[in-house]
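First to last, the sequence lines map onto chains A and B.
Read in order, the letters of the first sequence are residues 1 to 291 in our numbering.
Read in order, the letters of the second sequence are residues 1001 to 1390 in our numbering.
Keep in mind the hints are simulated off the structure, nothing from the lab.
Cβ coordinates follow ideal geometry from the N, Cα and C atoms, glycine included.
There's no promise every hint is true.
[What the hints assert, rightly or not] Label pairs and their in silico Cβ distance ranges: (1) A:Ala175 with B:Gly1256: 23 to 33 Å; (2) A:Arg81 with B:Lys1378: 32 to 42 Å; (3) A:Ile136 with B:Gly1282: 23 to 33 Å.
[Unchecked claim] Part of the chain A face toward chain B, derived, beta carbon under 10 Å: (4) Phe56; (5) Pro60; (6) Pro91; (7) Pro115; (8) Leu139; (9) Thr261.
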Amino acid sequence: MDYFLQQALNALQLGSIYALIALGYTMVYGILTMINFAHGDLFMVGAFFCFLIATFLKLPFVPTLLLSMFGVALLGVAIERVAYRPLRQAPRVSAVITALGVGILLESVMLVIFPYPQSVPRLLSNVAWTVGGVTISLLQIIIICLSLGLMLLLDFIVRRTMVGVAMRAISWDKAIVPLMGVPLNLIISITFAIGTSLGAAAGVMYSQAFPVIDPYMGVLIGWKAFISAVVGGIGNIRGAMIGGFILGTVEIMVVAFFPSTYRDFVAFTLLLVLLIFRPYGILGQPRPQKV
Amino acid sequence: MKKGLLLFSLLCVVSLLLSACSGASSGGDVIKVGGIGELTGDIPAVGASFKNAAEMAVADINNAGGLEVGGKKYQIQLIIEDNAGKTDQSASAAQKLITQNNVVAIIGPNASRYAIPAAEIAESEKVVLISPWSTNPKTTLVGDTDQPKKYVFRACFIDPFQGRVVAKFAMDNLGAKKAAVLYDVASDYNKGIAEFFKQTFEEIGGQVVAYETYTTGDKDFTAQMTKIKDTDPDVIFLPNYYSEVPLQVQQARRLGITVPFLGSDSWGSGELITLCGAECEGYYFSTHYAADNASPVAVKFIEAYKAKYGSTPDDVAALTYDAFGLLWQALQTAGKVDRQAVRDAMAKIPNYDGVTGKMQFQEGSGDPIKSAVILQIKDGRFVFFANAEP
């Protein structure tokens, strides 16, 4: 039982990271029906911002987190402005290729600056408590609570504020809504800012939990978060959260109770089976093609 | 008019021939040697050490007036290609060096997962390839028959030997009865050495209680470490690269695991200590040589390397220097700059006194006969702990 609880805690930690990153994919898809494949690399940039701020400015955790989120949000908005906006009317495939290109650009730039893996300074104390055989660290609690807090905040913004209403309206119809006076470009920029800053928050927490970072760290985890978003129903914010936790739990629990070599095989087979029965994801709705 | 044209074209042909001849004769005093290193990608520290030692080995020869082969002094031209930490780029780099740059031999790549594809190319093109650091047996074996390759050699010992050494060390020196292993299932090196460790440890009466895997790029090992903790081992073996080991050790310690960790030669980069800090203190790993317990040849190399690059050479640098040393000896024995002759000389080097110890090659295997050492991490340095004979 202790063993199960310990693994459940591991699953919650990994799941909340996946969920945070998955939100970035799903928000951009929801509003632009475009998959921002550079998102995993923005997560990586978030981790590097954390490393730079913690190493050179020596700020504590909260300012480091906020500064990294802000920096990556600016970068996200800039990427949208420079790389994606000119292609908004272009075939969707061009935008996807551009996103992949932006991702590779980010990796390569980071590789030039940091050719070696870097060690991120610990910003949080290393305390851990053992409660009845289960070891809980402060870091795990912070990661899980902060992720859940950010997700609740996002859910509130999207459902209860004017910006959120505008986002949902644009995702419903990009042609008509601007005619009603909704500033299309501003709302898209805000969406990018929020989505990428959540990715950066995940990057900061990830670099605290796993403090060796390298420019390729976003590739694998980006793919996994993207898969989480698809499983949850891409375009659906609550779906992305659920998808992230499902993938995290499956990955950890397969290792916990089967030979760890089966992890990816079992995890992705399960996800494929799930998509057979729910092709639009768990919370996704089929969108009829408008002619 | 027609005659003029004929004369002109004749002149052209003659001048072309002449220039081709002069090109060949000026190239005659130069031996081209190729190098393939992991300059970028997941283990750039390995590539950097490789490049440093390679340039030093070549500069040593060129500054001394060149290498005497068959009574003639040759300058060495080194062409280093980056494989970017990718298997396909390793193979294409080998192809390029052989066909376009026309090198006499290739040194590198270092990590087994990149050395194996490059070795396949070298073998099929009949060009000598010496990997300094690839310890997986497959590097010098033909893929489907397990017969030895004819053109591929290495300067280091192989994984079965290293797996045996660490397994015996765990049992004899640390008194371990139960061992756990965590390794990267997607990498030839890690997988090979983990298997040989398990085999030997069980043969000598130990028990491998957990045998867990992950794939390259993973950073979250908490599930595997929780599982390992549950089996209560005496020692944990991590035959993984220096960029991953710190994360594995840190996560294990955070879960309350206190038993010692053991590693293999992939730990032997100064980066390990930078990334791991005090958390890897006191752990052991097997490797090729100990900088603080060196032979006179090694001391000379270490001093020169320190003077040039300002750091102690790691095992990659030492083995790279030895790989070039082996090539110089093979060239001299061959007496001519010819790929086949170099291969024949290389295959039976009777005794080479290198930085990483004495080596011997016998026809029928590309692996040298040599010994290993066990190092301990102490006060942020690698310290000699024990010798391990073959």
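Hints, one by one, checked against the model:
1. A:Ala175 with B:Gly1256: 23 to 33 Å: violated, 58 Å
2. A:Arg81 with B:Lys1378: 32 to 42 Å: Violated, at about 53 Å.
3. A:Ile136 with B:Gly1282: 23 to 33 Å: The hint (23 to 33 Å, Cβ to Cβ) holds, given that Ile136 (chain A) and Gly1282 (chain B) are roughly 26 Å apart.
4. Phe56: violated, 17 Å
5. Pro60: violated, 20 Å
6. Pro91: violated, 30 Å
7. Pro115: This hint holds: Pro115 (chain A) lies near chain B, its Cβ roughly 5 Å from the closest one there, short of 10 Å.
8. Leu139: holds, 8 Å
9. Thr261: Holds. Min distance 5 Å.
Against the hints set out earlier in the document, violations occur for numbers 1, 2, 4, 5 and 6.
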